[in-house]
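Engineer: In order, the protein sequences belong to chains A and B.
Just so we're aligned, residue 1 is where the first sequence starts under the working numbering, counting upward by one.
Just so we're aligned, residue 114 is where the second sequence starts under the working numbering, counting upward by one.
Simulated DEER-style distance windows between Cβ atoms:
(1) B:174 - A:42: 22 to 28 Å
(2) A:72 - B:224: 31 to 37 Å
(3) B:126 - A:80: 41 to 47 Å
(4) A:71 - B:155: 22 to 28 Å
(5) A:82 - B:174: 35 to 41 Å
(6) A:41 - B:215: 26 to 32 Å
(7) A:82 - B:178: 45 to 51 Å
(8) A:16 - B:221: 27 to 33 Å
(9) A:22 - B:168: 35 to 41 Å
(10) B:126 - A:42: 17 to 23 Å
(11) A:16 - B:178: 48 to 54 Å
(12) A:18 - B:173: 37 to 43 Å
(13) B:213 - A:29: 18 to 24 Å
(14) B:198 - A:96: 32 to 38 Å
Result set (DSS-like, lysine-lysine): computed pairs, CA atoms no more than 25 Å apart in a straight line:
(15) A:49 - B:154
(16) A:105 - A:49
(17) B:179 - B:154
(18) A:61 - A:49
(19) B:154 - A:105
(20) A:105 - A:68
(21) A:61 - B:154
(22) B:179 - B:127
(23) A:49 - A:68
Everything labelled a hint here was simulated from the structure, so no lab data went into it.
We put the beta carbon where it would ideally sit given N, CA and C, even for glycine.
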Amino acid sequence: AQSVTQPDIHITVSEGASLELRCNYSYGATPYLFWYVQSPGQGLQLLLKYFSGDTLVQGIKGFEAEFKRSQSSFNLRKPSVHWSDAAEYFCAASGGGADGLTFGKGTHLIIQP
Amino acid sequence: GAVVSQHPSRVICKSGTSVKIECRSLDFQATTMFWYRQFPKQSLMLMATSNEGSKATYEQGVEKDKFLINHASLTLSTLTVTSAHPEDSSFYICSARVTGGIRAFFGQGTRLTVV
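For reference, chain A alone in the conformation it holds in the complex (with noise of 0.2 Å):
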């Protein structure tokens, strides 16, 4: 079946200091991959997509991720966050066509002063 593993589900970061979240999949082929943003009661936004080609994509507000196809992996990174970065990271697979996304659990991110 398919499915996406985030394995941390909290982080507690320093501000100013670089993050790693991890992210693994399990699907056939290689899927589309993404990373999304979620603040307090609020929507989904975007942070960065991998569909094919360069395996280290720049994304929005400074992270990057980097495709890792012999770990099954795609790690969202920062190299210094801010406080404003505090908010819930969802990792998301999808297998093309008329698919939908799958999810996984979540990372929430804490931001220490």
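Fit chain B to the known structure of chain A by using the hints.
Structural biologist: Just chain B, lined up with the frame of chain A:
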């Protein structure tokens, strides 16, 4: 950019009544729209895939008679929660895929509270 409007953003209804949620693609045509549900502090789960002019495809465990989906035009899909109960209280989010495209764009979600 592509905008998806979801209405209402919040709704409170009495147990046993029905609620309709609209999802509109404002500046593009969407042959396919998706409906997701998110319980508090949980992830989003795909409920159903809605294709314009045909019946929706429901995910396993989702009651199609309870969650009625209509996608009568290329810019509008509706989700009707029939005979709502408190356990249906949730955050419902739609997304719309540009016809022929890969990426789907999300609405802002609807917070449904059944009392």
